[in-house]
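Each chain, written out:
Number of protein chains: 2
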Amino acid sequence: MAEPRKILLGEDELPSAWFNIVPSMPTRPGPYLHPQTREPIGPEALAPLFPMALIGQEVTTDEWIDIPGPVLDTYKLWRPTPLVRALDLERALGTPARIWYKYEGGSPAGSHKPNTAVAQAYYNKAEGVARLSTETGAGQWGSALAFACARFGLECKVYMVRASYDGKPYRRSLMETWGASVIPSPSQETNAGRAVLAADPDSPGSLGIAISEAVEEAASRKDTNYSLGSVLNHVLLHQTVIGLEAKKQFEKIGEYPDVILAACGGGSNFGGIAFPFFADKAAGKKVRLVAVEPTSCPTLTKGRYAYDFGDAVGLTPLMKMYTLGHDFMPPGIHAGGLRYHGDSPLVSQLCHEGLIEAVAVAQLSTFEAGVTFARAEGLDIARGLIHAALRSGAPGIYIVAPFNRADLAAELVRFVREEWKA
Amino acid sequence: MAEPRKILLGEDELPSAWFNIVPSMPTRPGPYLHPQTREPIGPEALAPLFPMALIGQEVTTDEWIDIPGPVLDTYKLWRPTPLVRALDLERALGTPARIWYKYEGGSPAGSHKPNTAVAQAYYNKAEGVARLSTETGAGQWGSALAFACARFGLECKVYMVRASYDGKPYRRSLMETWGASVIPSPSQETNAGRAVLAADPDSPGSLGIAISEAVEEAASRKDTNYSLGSVLNHVLLHQTVIGLEAKKQFEKIGEYPDVILAACGGGSNFGGIAFPFFADKAAGKKVRLVAVEPTSCPTLTKGRYAYDFGDAVGLTPLMKMYTLGHDFMPPGIHAGGLRYHGDSPLVSQLCHEGLIEAVAVAQLSTFEAGVTFARAEGLDIARGLIHAALRSGAPGIYIVAPFNRADLAAELVRFVREEWKA
Numbered sequence: 007m008a009e010p011r012k013i014l015l016g017e018d019e020l021p022s023a024w025f026n027i028v029p030s031m032p033t034r035p036g037p038y039l040h041p042q043t044r045e046p047i048g049p050e051a052l053a054p055l056f057p058m059a060l061i062g063q064e065v066t067t068d069e070w071i072d073i074p075g076p077v078l079d080t081y082k083l084w085r086p087t088p089l090v091r092a093l094d095l096e097r098a099l100g101t102p103a104r105i106w107y108k109y110e111g112g113s114p115a116g117s118h119k120p121n122t123a124v125a126q127a128y129y130n131k132a133e134g135v136a137r138l139s140t141e142t143g144a145g146q147w148g149s150a151l152a153f154a155c156a157r158f159g160l161e162c163k164v165y166m167v168r169a170s171y172d173g174k175p176y177r178r179s180l181m182e183t184w185g186a187s188v189i190p191s192p193s194q195e196t197n198a199g200r201a202v203l204a205a206d207p208d209s210p211g212s213l214g215i216a217i218s219e220a221v222e223e224a225a226s227r228k229d230t231n232y233s234l235g236s237v238l239n240h241v242l243l244h245q246t247v248i249g250l251e252a253k254k255q256f257e258k259i260g261e262y263p264d265v266i267l268a269a270c271g272g273g274s275n276f277g278g279i280a281f282p283f284f285a286d287k288a289a290g291k292k293v294r295l296v297a298v299e300p301t302s303c304p305t306l307t308k309g310r311y312a313y314d315f316g317d318a319v320g321l322t323p324l325m326k327m328y329t330l331g332h333d334f335m336p337p338g339i340h341a342g343g344l345r346y347h348g349d350s351p352l353v354s355q356l357c358h359e360g361l362i363e364a365v366a367v368a369q370l371s372t373f374e375a376g377v378t379f380a381r382a383e384g385l386d387i388a389r390g391l392i393h394a395a396l397r398s399g400a401p402g403i404y405i406v407a408p409f410n411r412a413d414l415a416a417e418l419v420r421f422v423r424e425e426w427k428a
Numbered sequence: 007m008a009e010p011r012k013i014l015l016g017e018d019e020l021p022s023a024w025f026n027i028v029p030s031m032p033t034r035p036g037p038y039l040h041p042q043t044r045e046p047i048g049p050e051a052l053a054p055l056f057p058m059a060l061i062g063q064e065v066t067t068d069e070w071i072d073i074p075g076p077v078l079d080t081y082k083l084w085r086p087t088p089l090v091r092a093l094d095l096e097r098a099l100g101t102p103a104r105i106w107y108k109y110e111g112g113s114p115a116g117s118h119k120p121n122t123a124v125a126q127a128y129y130n131k132a133e134g135v136a137r138l139s140t141e142t143g144a145g146q147w148g149s150a151l152a153f154a155c156a157r158f159g160l161e162c163k164v165y166m167v168r169a170s171y172d173g174k175p176y177r178r179s180l181m182e183t184w185g186a187s188v189i190p191s192p193s194q195e196t197n198a199g200r201a202v203l204a205a206d207p208d209s210p211g212s213l214g215i216a217i218s219e220a221v222e223e224a225a226s227r228k229d230t231n232y233s234l235g236s237v238l239n240h241v242l243l244h245q246t247v248i249g250l251e252a253k254k255q256f257e258k259i260g261e262y263p264d265v266i267l268a269a270c271g272g273g274s275n276f277g278g279i280a281f282p283f284f285a286d287k288a289a290g291k292k293v294r295l296v297a298v299e300p301t302s303c304p305t306l307t308k309g310r311y312a313y314d315f316g317d318a319v320g321l322t323p324l325m326k327m328y329t330l331g332h333d334f335m336p337p338g339i340h341a342g343g344l345r346y347h348g349d350s351p352l353v354s355q356l357c358h359e360g361l362i363e364a365v366a367v368a369q370l371s372t373f374e375a376g377v378t379f380a381r382a383e384g385l386d387i388a389r390g391l392i393h394a395a396l397r398s399g400a401p402g403i404y405i406v407a408p409f410n411r412a413d414l415a416a417e418l419v420r421f422v423r424e425e426w427k428a
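Protein chains in written order, with the numbering used here: chain F, 7 to 428; chain R, 7 to 428.
No lab work stands behind these hints: they were computed from the structure. Any given hint could be a false lead.
As the list claims (entries may be wrong) - Restricting the straight-line Cα-Cα distance to at most 25 Å, the calculated cross-link-like pairs of lysine to any residue (SDA-like) are:
(1) F:Lys174 <-> R:Lys254
(2) R:Lys82 <-> F:Lys174
(3) R:Lys254 <-> F:Tyr262
(4) R:Lys82 <-> F:Asp18
(5) F:Lys254 <-> R:Leu14
(6) F:Lys291 <-> F:Gly320
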């Protein structure tokens with residue numbers, strides 16, 4: 007048989023627990039602070055927004071968290087996902103590097119986001135919550151949560167960043183097919199939205215504003231919890247199923263990556279693929295973990311490492327993270343999902359301590375690389391498919407974890423061209 | 007281990023040959039006729055449009071056709087595809103039926119269409135053709151051919167039915183990302199297009215008109231061949247990779263389907279999944295093969311079985327098939343890909359001889375069923391994901407072969423509700 011293009015796992019090889027990076031970190035993460043008092047908060051402060059199971063996962067120091075049966079059962083709709091060799095991209099770039107990407111685009115919502123959406127919907131349902139509110143930028147997260155809520159019988163309300171709401175009608179109809187109700191943000195339905203519209207009636211919106219609206223709705227309604235698609239510890243925890251599968255897949259072929267590249271907006275994509283490898287790195291293994299972000303929203307590469315709000319208005323607890331300021335209004339770049347002012351506190355801390363790397367990529371080279379990738383590998387970033395990369399042994403293996411995040415393809419192409427010339 | 011949700015095959019289990027149904031048919035298909043003389047045509051009449059390898063496949067009586075290495079190599083980007091158990095749909099319908107669907111939505115273009123697009127691009131390239139012209143309705147076929155042309159270094163020109171061109175800008179940008187040039191049909195670039203526009207400047211277009219334009223361009227340019235996404239024998243031949251895989255997958259679990267349901271527009275989806283099972287049926291096995299079409303374009307259920315042109319203007323050879331008349335202008339239903347006046351000659355003949363069944367489903371029940379399927383199984387028909395169905399043993403197994411063809415979901419839901427009540 008020829009060299010395989012894909013490494014598959016059976017359903018019985020699906021990881022049965024998520025990996026918590028905290029015990030592997032040299033320093034324990036700091037607490038969240040109350041938005042008014044700036045004192046460390048306890049679990050009860052988060053209880054109006056999240057179920058206790060998720061609050062527990064936010065602060066746990068257990069290394070492994072069992073994945074509940076109904077979540078595993080839903081994962082099996084599309085998981086385990088393939089690890090695919092980008093043979094044609096290697097040829098197109100003329101590199102001796104071995105490039106692999108972890109393909110998450112086959113999920114019902116077309117991205118990695120359902121990995122945590124399903125878990126969040128499950129835990130909320132288990133604690134008797136009837137309704138979830140959330141925000142969405144490009145539409146990937148809103149789609150994922152709408153899908154998950156349909157699975158577990160929850161109502162779902164999505165505040166969609168207006169620029170995406172206007173530009174992506176099919177994303178909206180996808181969410182509505184799953185039964186969600188979708189409105190453009192900023193909206194007239196919340197104090198946060200009305201305040202923004204009063205200052206700028208034509209505001210294209212931002213993730214930060216949409217988060218304010220969704221949080222305000224959840225905080226003011228007893229039947230409604232809030233759900234976030236990235237940034238928080240429990241979200242990244244659920245995404246580690248990606249990296250855990252990838253590790254098993256590399257084991258099958260007796261390889262180990264040298265570099266993991268992943269797009270990083272709020273951090274869940276990067277954390278999902280990279281954290282399980284970080285444990286090996288912490289134990290002395292040589293592996294580079296590289297987070298890739300857009301130059302137009304350069305959180306890790308140009309932000310301050312400081313306590314800041316997670317939303318635009320200042321309703322959420324303060325988190326220590328790289329931030330461009332919670333009132334940062336990013337330019338209207340195409341990658342709507344990458345326009346967040348902050349970043350995952352866990353990713354931020356690892357970056358601050360020099361344990362991972364971060365690079366920023368400009369939009370034009372992003373599109374160019376996305377087209378290169380699409381023509382070589384047949385995966386089109388416009389459909390939501392470019393991901394992350396890893397490299398192993400000389401001359402190297404990469405993983406690309408495809409979403410609609412072409413900045414990753416740009417960095418992958420640059421990296422391979424500059425560092426692994428044939 | 008729990009009952010599996012998916013049956014997977016390894017790359018080494020990918021079929022190495024396509025299955026030709028002709029030797030299994032009780033009657034040999036009739037010849038194609040010249041559009042002017044109405045005499046049977048020989049291979050030379052098709053040579054301005056197709057490479058000799060495909061003309062040979064159009065008329066061959068060999069039962070197996072080897073799949074060329076470069077085609078297999080490209081198939082491995084996403085094949086073999088999973089056979090998925092629709093457990094949640096079964097529960098939602100309260101049926102004891104075992105429902106399986108063959109999931110073709112993970113291909114680069116999001117449908118089954120690349121199975122033949124890749125083969126057609128390969129054979130054209132091998133015979134020195136530089137450029138392909140084609141038409142597309144909903145955009146699935148145009149995307150598939152654009153992808154295939156990018157793989158094999160061919161130029162690609164797509165005439166896209168105007169209704170879809172206006173309504174689906176993302177499909178267009180997908181094709182352009184792969185390097186294709188896309189124009190709305192009817193266009194000013196061909197005699198066929200100009201004639202239609204002269205009579206109706208606001209014509210929303212149809213597949214028949216777009217085919218006329220693409221054929222006219224190929225016939226008038228030495229460097230350009232024509233490529234068709236359905237209807238023809240060689241197209242259905244290439245699609246049999248779907249059914250061949252499904253048979254292997256059922257063998258793995260020791261089951262055999264009772265009923266295969268598949269959406270049928272031009273016939274390539276239906277033929278792809280059903281033809282390999284027809285061979286067993288011809289040998290005495292009990293299996294029902296059901297083609298599902300829209301009531302608004304009821305070719306198999308209300309058409310005449312007669313010789314007719316494949317396009318609107320009358321440029322193509324005449325084929326014996328069920329037809330609504332080559333000048334049939336279907337209503338502007340949402341499923342743009344199902345608005346073709348004719349049907350595959352092979353499928354038509356099997357239907358005429360009572361060897362397969364055909365049913366028509368109305369648009370509203372289609373949408374309702376699509377939503378039922380999406381909420382139960384997480385696959386959204388608006389993204390292009392409802393497929394075909396098979397049933398085995400009592401109380402039965404179905405296969406659904408998902409595309410953006412909700413009529414199939416409608417028939418599946420009706421069939422299960424009426425015939426397999428719990």
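Cross-check of the supplied hints:
no. : hint                  : in the structure
1   : F:Lys174 <-> R:Lys254 : violated (40 Å)
2   : R:Lys82 <-> F:Lys174  : violated (31 Å)
3   : R:Lys254 <-> F:Tyr262 : violated (33 Å)
4   : R:Lys82 <-> F:Asp18   : holds (23 Å)
5   : F:Lys254 <-> R:Leu14  : holds (17 Å)
6   : F:Lys291 <-> F:Gly320 : violated (40 Å)
Of the hints listed earlier, those the structure fails to meet are numbers 1, 2, 3, 6, in rising order.
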